[in-house]
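J.: Got chain V; can you put chains Z, L and R on it based on the hints?
4 protein chains.
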Amino acid sequence: MASLKAAFVALVTLGAALSSPAPRLAMAQVSPDQLDEKMANDPAPWTVPGKWGPRGNWGRWGEQDKRGMLNFITPEMIVQAAGLVKQGKVYPLGEEMHGDLPRFITPSRFGVQVVIENDGYDRVTQPGQFDPKRNQGAASYTIMHNHVGTHLDTFAHIYRENSLFNNMPPPRPAGTVHGDAASVKFMVARGVLLDVAKYKGMDPLPSNYWITVDDLKNTAKAQNVEIKKGDVLLVRTGWRKMWDQPGADGRADPAHTKYLQPEPGVGPDALSFLNEMEIVAIGADNAAVEWNFPLQPGYTRRAFGGFQGLPMHVDFIWNRGAYIIEILNLDDLAKDQAYEFLFVVAPLLLRGGIGVPVNPIAIR
Amino acid sequence: MASLKAAFVALVTLGAALSSPAPRLAMAQVSPDQLDEKMANDPAPWTVPGKWGPRGNWGRWGEQDKRGMLNFITPEMIVQAAGLVKQGKVYPLGEEMHGDLPRFITPSRFGVQVVIENDGYDRVTQPGQFDPKRNQGAASYTIMHNHVGTHLDTFAHIYRENSLFNNMPPPRPAGTVHGDAASVKFMVARGVLLDVAKYKGMDPLPSNYWITVDDLKNTAKAQNVEIKKGDVLLVRTGWRKMWDQPGADGRADPAHTKYLQPEPGVGPDALSFLNEMEIVAIGADNAAVEWNFPLQPGYTRRAFGGFQGLPMHVDFIWNRGAYIIEILNLDDLAKDQAYEFLFVVAPLLLRGGIGVPVNPIAIR
Amino acid sequence: MASLKAAFVALVTLGAALSSPAPRLAMAQVSPDQLDEKMANDPAPWTVPGKWGPRGNWGRWGEQDKRGMLNFITPEMIVQAAGLVKQGKVYPLGEEMHGDLPRFITPSRFGVQVVIENDGYDRVTQPGQFDPKRNQGAASYTIMHNHVGTHLDTFAHIYRENSLFNNMPPPRPAGTVHGDAASVKFMVARGVLLDVAKYKGMDPLPSNYWITVDDLKNTAKAQNVEIKKGDVLLVRTGWRKMWDQPGADGRADPAHTKYLQPEPGVGPDALSFLNEMEIVAIGADNAAVEWNFPLQPGYTRRAFGGFQGLPMHVDFIWNRGAYIIEILNLDDLAKDQAYEFLFVVAPLLLRGGIGVPVNPIAIR
Amino acid sequence: MASLKAAFVALVTLGAALSSPAPRLAMAQVSPDQLDEKMANDPAPWTVPGKWGPRGNWGRWGEQDKRGMLNFITPEMIVQAAGLVKQGKVYPLGEEMHGDLPRFITPSRFGVQVVIENDGYDRVTQPGQFDPKRNQGAASYTIMHNHVGTHLDTFAHIYRENSLFNNMPPPRPAGTVHGDAASVKFMVARGVLLDVAKYKGMDPLPSNYWITVDDLKNTAKAQNVEIKKGDVLLVRTGWRKMWDQPGADGRADPAHTKYLQPEPGVGPDALSFLNEMEIVAIGADNAAVEWNFPLQPGYTRRAFGGFQGLPMHVDFIWNRGAYIIEILNLDDLAKDQAYEFLFVVAPLLLRGGIGVPVNPIAIR
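Protein chains in written order, with the working numbering: chain V, 8 to 371; chain Z, 8 to 371; chain L, 8 to 371; chain R, 8 to 371.
Isolated chain V, as found in the complex (with noise of 0.2 Å):
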């Protein structure tokens, strides 16, 4: 463990050096895993009994709601979201979709494939010559892993006890009707991006950087932007540009190495207040939101009694009936410093689809 305490303090002070203005932290960050140690003993959220049922949400909006914290968001809350439009500017926070799109399921090299049909026939007659009462078409298939580039995780994606939210059956290869992407319908609520790689003056943030409370607090406090109950949260680390980082002899590097290296996301110190605050849905520019993924080798997590598993997905998906947003392109965003926004996700609505790739609309 020395040794990687002593590579995190090296990477932290490397990207201070790289980084341009004030960095304002560094000195003070504590190790993520002293942060780590110090939630041992905390109860994990989805032990300690729902107000509406066994578990967190479970109950709180009918036994047979398929769209959990969906249901927060009120008509007026949207309403006022829309009031956001002022500037006509639009968004699109997807990632492109090609072979080779960021997607953190090493190193298989099936992202999405689009493949054209072979249209078969030309209808041109001679070679130069065309026919002017005929044209060519053409069309494609695609073929996705569901979970890589920017996509939304379902309430299938992460599940306890053979239950889902809600106490709803686990997926199956047919005929899955709860928590895949068709039971979404729709996102449509206010979008707060908080750039919290730009607050702490380290763009990307260093690898393995546990984002604390705070750290989302006070980011927000800097930008001057309110969170408010209802949000989604789009939470940036400047991750997104190591997908495209050269390897160490200089050259593309197809194993995305840099990116796959243990990520900067939210510690789980973040989950009481997301809580309190209603957060519908948490997005971010990184692979899994989450601090600690991929798990360093041989690291055990500490945090929740030793829970081995990602206590983010396991609160928000299964407890809360929240949502979590990854692999997001927030760089105009953070460029136009777009703090607020109308936030639109129009997933495919894919019958027994465990999460859905997704190209969300940020509009102010």
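It is worth saying that the hints were derived from the structure and are not from the lab.
This structure is a prediction, so every number in the text was calculated from the model and none was measured.
Glycine residues also receive a C-beta, built at the ideal position from the N, C-alpha and C atoms.
Check the hints yourself; a few may be wrong.
[What the hints assert, rightly or not] Output of the computed footprint for chain R on chain L, the stretches with three or more beta carbons under 8 Å from beta carbons of chain R:
| hint | segment |
| --- | --- |
| 1 | 148-154 |
| 2 | 277-291 |
| 3 | 323-337 |
[Claimed, not checked] Each pair of labels, with its calculated beta carbon distance range:
| hint | chain 1 | residue 1 | chain 2 | residue 2 | range |
| --- | --- | --- | --- | --- | --- |
| 4 | R | Gln41 | V | Pro176 | 53 to 59 Å |
| 5 | V | Lys58 | Z | Ala262 | 49 to 55 Å |
| 6 | V | Lys248 | L | Gly254 | 48 to 54 Å |
| 7 | Z | Gln71 | L | Pro301 | 31 to 37 Å |
| 8 | L | Gly254 | Z | Thr81 | 44 to 50 Å |
| 9 | R | Gly135 | V | Lys236 | 53 to 59 Å |
| 10 | V | Lys248 | Z | Asp221 | 53 to 59 Å |
T.: Below, chains Z, L and R alone, put in the same frame as chain V:
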């Protein structure tokens, strides 16, 4: 042809008999083939020189432009469209996607397949016992034709003389970067629903019904909604429900015979009006938006000198750089008489995707 | 029906005129619908009680058996079949697999798609320069319908009363372990080619030609080859070449209209002979081996009390546990007059594969 | 490196302790990295000029040849191989294909997915009642990486200087007609099993064990079987069973950690012998046949001047036009001490398929 006309009259009569209130039309309806014949000598819009280049809107936004009519929508128009959000009500207009979703690739069964990953392990140690430190996870793949269910046709779908809109190169199985779904980025606009089925008092409109430009204008008038420049028009034919109609033997019909009849659609007499109004996209709740799809057996189209393709597809996609959205679910909008709204399409940014399934969102 | 008969006579005449040597038949051929009518009162083989269980070969090799007639082939028969290898000549009988391979899932374009992985990197340092310590690699994916090109129908393909052959459960999207390609393991047998097209002097046999049991026997006799118990019979109709026939306008026909006519095939009068001879598998160079596929529009089959399915499929697959191999390439065998050989099918052991594309090998 | 050597010795010792009879070796085994070092100055076979053209077998069968070493097998050799069939016993050597089949694309879950078509209709009118004139049908799709389970590497898999074997062009996403599965057509040969695991008395051979050329020769001698020119050699390492080994916690290991260690394999000292013997193809029950796959972390290969690729892959596939077959199931052959047999590979003729899953058949 006599028998086809007879069948049409019979269908119209039947439609009138089945539909509820005042059937405002029927008797007055000119037969589709007369309308088609009437336009036989009209020049096709794409044979008329364009103002900015060799065709319609070619060159209008520069030689490198890949978004066509989406450039027509100004920030001001977006702000105004967002101003239509007054009730905070959201309508997802995409069909649920599964193996038997509405489509027009007859009689292929290949719609969308969601394959759930065989997780391969159950972290449960004993049946009925669970390890509190662990949880289960699942994921899925999707394999889909890009022109099934609710989908957007992109510029690469229809081309002539080996060129796409704006003189871009035709699609290839790899490396396509023009005219694909990724080039669309997003569509945010004012949306207008024209419920022609309701206006005509036939829901659905009869098989092969030619929706005239007057039908469109009169529907707008009857709905008390104005068609404005830069709008996205959504035309409701009522055809959607035909997908699930039983077969001749009264049993479930896996071949969807009734749906796959020639569908009602917008006739080519509307093209010049749609061009004048700078319509950015047109959508409908049928398979191809336009009239005479699928082509009646044995019928030869006569408009525009007997052009054998789909005229609206060629004019919108190839000539004007406008968009077509097919197989929309417009029933909830129609029920609420929601005739204008903020309209958002957030397509997956499929590089090389010729068309892309979408879940358009209407907000009002 | 009168016009269909007339068309058939015309086709036979045309076939006779086009084909080269002594047209031994034609005039004598009874029309297919007369042959069909003649069998209208015959009991279907699968309605007759079996010797070992409720149906044909059910229970013959035990209740758990998954390989059916393949059990009939003894080690001695395999040694004898290997003894047919005298010239050391090998014939691959599978069609090449690509996006437009012969198939009968009209007019879907989804045959086989091979997607080559975008390697993502070129280890070349400078254009034209190479690093001698490295090399490039590539890989591919395949997406295929399992009943396109040359393929084997497995027991799960045809079932009745919710049971497969030998009372096995029907296939499910996950967990299928009966009646699938993995259960076949291998087929090694004596193979016999019956070149009916050559024998009849019509190559191809006309559309919808009913190959009678006498055609099969007489072809064997004319070829001086004996049909033996446990054989795999390969029937050549000459239909294969129809796939690439141009359309009515003389241009390449992407819809493969001529191929997709009702094909010549083996009539149900052959079933009792094939059963007596314990034929393990039957294959052909057409889409379904048997007569009246695809069904002529408007025609109702009459044999076996008007059974509406494909009788050979039901008898072979469901009743007898025998196999059907479709869309074989038999032209090279025919050219060499290679009428008996060692026949090997080595199917991919797809668990849950209902049918499997194959490349059968004949060796002599 | 010291620790690696220590680990190796430990493993060898463990292997010796676990394996049953006389452990003929162990103590005598030189460590793999010493063997590797010893060959550091040997010229790579593919840098030596060929007899018929610039490289190994380039030009040997003409400039247009696509089948390479398969041309070496004469009809006489095929007749002799068929003469090995004396017992009529058949061995399918392909693994069953499903979502978690053995593969080496860690830790991707994308093996083979068989998607059963949702038939969409049940011809049963009432539950428990059936229509005797009808039956049910089902079909399936397969989506597979072409290098999972038992598979054949084709010429397009490994290339250098933008050329395949015999100076053919590299593969492309569409239109590939060289070096693909379709070009192989078939493989019919004498097959020889070399059960090195048995000979060495370690089953499996230890992780990263270097199978020397003497191991191959001595195994053949011990088995009393002669290696002949034009043979297909199948090398048994015993590694296959590692796929299903439980993880460190004794539970089922979905990551297949033990299998994915550096596997035992044939070292590059065997290449000149395999070339002299004109070996057409080599296969094994491990992931890459050859030694040091996957590469041990931190290890740099030293043979052939520190060549960084897989030397056997380059020599067999690129230099000699020979074939490699991976992840074979050789256990049944080994159990029967079946050391020579007729060997048939009938690959799907995938146009553009770089590699192809196969079910090779041994008959004796």
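J.: Now tell me if each hint is right for this structure.
T.: So, going through the hints one by one against the coordinates:
1. 148-154: Since 7 is at least three, the answer is holds.
2. 277-291: violated (count 0)
3. 323-337: violated (count 1)
4. R:Gln41 to V:Pro176: 53 to 59 Å: At 57 Å between Cβs, range holds.
5. V:Lys58 to Z:Ala262: 49 to 55 Å: holds (51 Å)
6. V:Lys248 to L:Gly254: 48 to 54 Å: holds (53 Å)
7. Z:Gln71 to L:Pro301: 31 to 37 Å: About 49 Å separates the Cβ atoms of Z:Gln71 and L:Pro301, which means 31 to 37 Å is violated.
8. L:Gly254 to Z:Thr81: 44 to 50 Å: holds (48 Å)
9. R:Gly135 to V:Lys236: 53 to 59 Å: holds (54 Å)
10. V:Lys248 to Z:Asp221: 53 to 59 Å: About 55 Å separates the Cβ atoms of V:Lys248 and Z:Asp221, which means 53 to 59 Å holds.
Consistency with the previously given hints fails for numbers 2, 3 and 7, ordered from lowest to highest.
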